[in-house]
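Participant: The residues making up each chain are set out below.
2 protein chains.
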Amino acid sequence: MAGPDPALLSVNTATVRAQWRMPQIIDALVRHGIRGISPWRDQVADAGLKDTAARIRDAGLTVTGLCRGGMFPAEDRAGRRAALDDNRRAVDEAATLGARCLVLVVGGLPKDRTGRVISKDIAGAREMVRDGIGELLEYAQGAGVPLAIEPLHPMYAADRACVNTLAHANDLCDELCPRGRDGLGVAVDVYHVWWDPGLRREIERAGAGERLFAYHICDWLVPTNDLLNDRGMMGDGVIDLPLIRRWMEAAGYRGMHEVEIFSTANWWQRDGDEVLLTCKQRHEAVT
Amino acid sequence: MAGPDPALLSVNTATVRAQWRMPQIIDALVRHGIRGISPWRDQVADAGLKDTAARIRDAGLTVTGLCRGGMFPAEDRAGRRAALDDNRRAVDEAATLGARCLVLVVGGLPKDRTGRVISKDIAGAREMVRDGIGELLEYAQGAGVPLAIEPLHPMYAADRACVNTLAHANDLCDELCPRGRDGLGVAVDVYHVWWDPGLRREIERAGAGERLFAYHICDWLVPTNDLLNDRGMMGDGVIDLPLIRRWMEAAGYRGMHEVEIFSTANWWQRDGDEVLLTCKQRHEAVT
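One line per chain: the protein sequences are C and F, in this order. Quick note on my numbering: the first sequence kicks off at 11 and runs consecutively. Quick note on my numbering: the second sequence kicks off at 11 and runs consecutively.
Everything labelled a hint here was simulated from the structure, so no lab data went into it. Treat the hints with care, as some may be off.
Where chains are identical, the list cannot tell them apart; a pair therefore holds if satisfied intra-copy or between any two copies.
Straight-line alpha carbon distances no greater than 30 Å define the calculated DSS-like cross-link-like pairs of lysine-lysine that follow [stated by the list, open to error]:
| no. | residue 1 | residue 2 |
| --- | --- | --- |
| 1 | K130 | K290 |
| 2 | K121 | K60 |
| 3 | K290 | K121 |
| 4 | K290 | K60 |
| 5 | K60 | K130 |
These figures come from a predicted structure and were not determined experimentally.
Using the sequences provided together with the hints, build the complete structure.
Facilitator: Pasting the structure below:
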């Protein structure tokens, strides 16, 4: 199978968050001929939204997504209202940045203000997620910002996202906004979904609804030493990346391939240019 | 909802593996009035199979399962043959111990003899699992030992088990041996399946096939600090244990509730009697 078009590489700014602030990241992407970027909101805020938007525009980068909205479940009505307000701000930021989508990490079990989980009702949390996306959707449509539900690996069900399969994300889309062109879709991150025996079918289903908004790549390491920050560089783990790309393409996805690696012990310790060079090489060679 | 019958408590020997060898574990269970045990093969081998079987019989304990068979995928035919041979020995040991089932942790991606993963073909691994269970089944039926497929959490898909949902385990049963009374069923461990939005439906499906052979309990901690050995004591995490027990009972499960906790930093550091006392208290109070 032929390697992917190098022009389709995008880099999520978390991948080099330990090395650089936003202006340096943008400069480095340009230096390496990388055409896409997916920024995190805290990194944007650190550098300033308008300044970042101008730099990205001047650099000619495609913003493959803004990370992230979501985190809908909360202890009470006030908490859910605060989450919705924050999501509206995220939509505005995505619009300012010209992002192709706002990525939604939907949130796990409801927490109190100290961050402690206060409920074991995961079905209830999933209802809050559905309602939260439903409420946000109209605002996002008005702003012209597509929302991309990102199913997260089941190991994050309690504390980060209680939507843990692409099937569940597709179900939410079917319920809330069945046509992707109306502004609700999915982000497929191989790290979260590679294990799923129903993955091919659900990618096809998402494609049929024109809701494949983003494709995130990295790798699953064996062993994985940390639940959060031990993601692998493409090729260093066990995910059959060409196979999943083929499924995405067959389902109609024509967007970029966004590298998102959280790696405390390895990639965040290295020189940022080495990281980006490796992203480019591995994207061509093994994905 | 009323607490469970205390007589239904069983303890998996891994829960106190750091504290005691097998004879001491059996004595301690008797001392605490715990009526069920689920031993690991290495702990049995350490103490001797016949001696362990005699002690368990003399103590009047129910053996809720033997841990574990499985690990079917391998690099080559010789490796798969070796796995099958080892599984036959596991069946024999389960028969000697009078175990209610042999728990199958089916294995992940194929590894070489050094334990390194040598393939990214998870669909192929799943075929090896299906074929391996199919080959083992006749032998197990002859020995009168039911096989219980245990779906493991998706975070173990690469290295321990590529059957990661109860739906997949049910599919395998449907294909290989649809009636549980013919010797193939499932082990439901809350740690592995609690996050699954289809859990209730799949428990009902397993119950309809009379294939609910075992029920394992512990808890999911937030945060979880280790992928393998940071399981929580019931009540210390976020799993709605009474709800899942209710689903199991509604689906016809009448067996024991087996506590299986791997906990390097906490429960394996404590006095074994304290661990068992806590298991008893929490079983009654929060499951």
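Participant: Confirm or reject each hint.
Facilitator: Against the structure, the hints:
1. K130 x K290: Answer is between: at 22 Å across copies they meet the 30 Å cutoff, but 42 Å inside does not.
2. K121 x K60: neither (32 Å within a copy, 51 Å between copies)
3. K290 x K121: between (39 Å within a copy, 29 Å between copies)
4. K290 x K60: within (28 Å within a copy, 59 Å between copies)
5. K60 x K130: neither (41 Å within a copy, 43 Å between copies)
In terms of the numbered hints stated before, the structure departs from hints 2 and 5, listed from lowest to highest.
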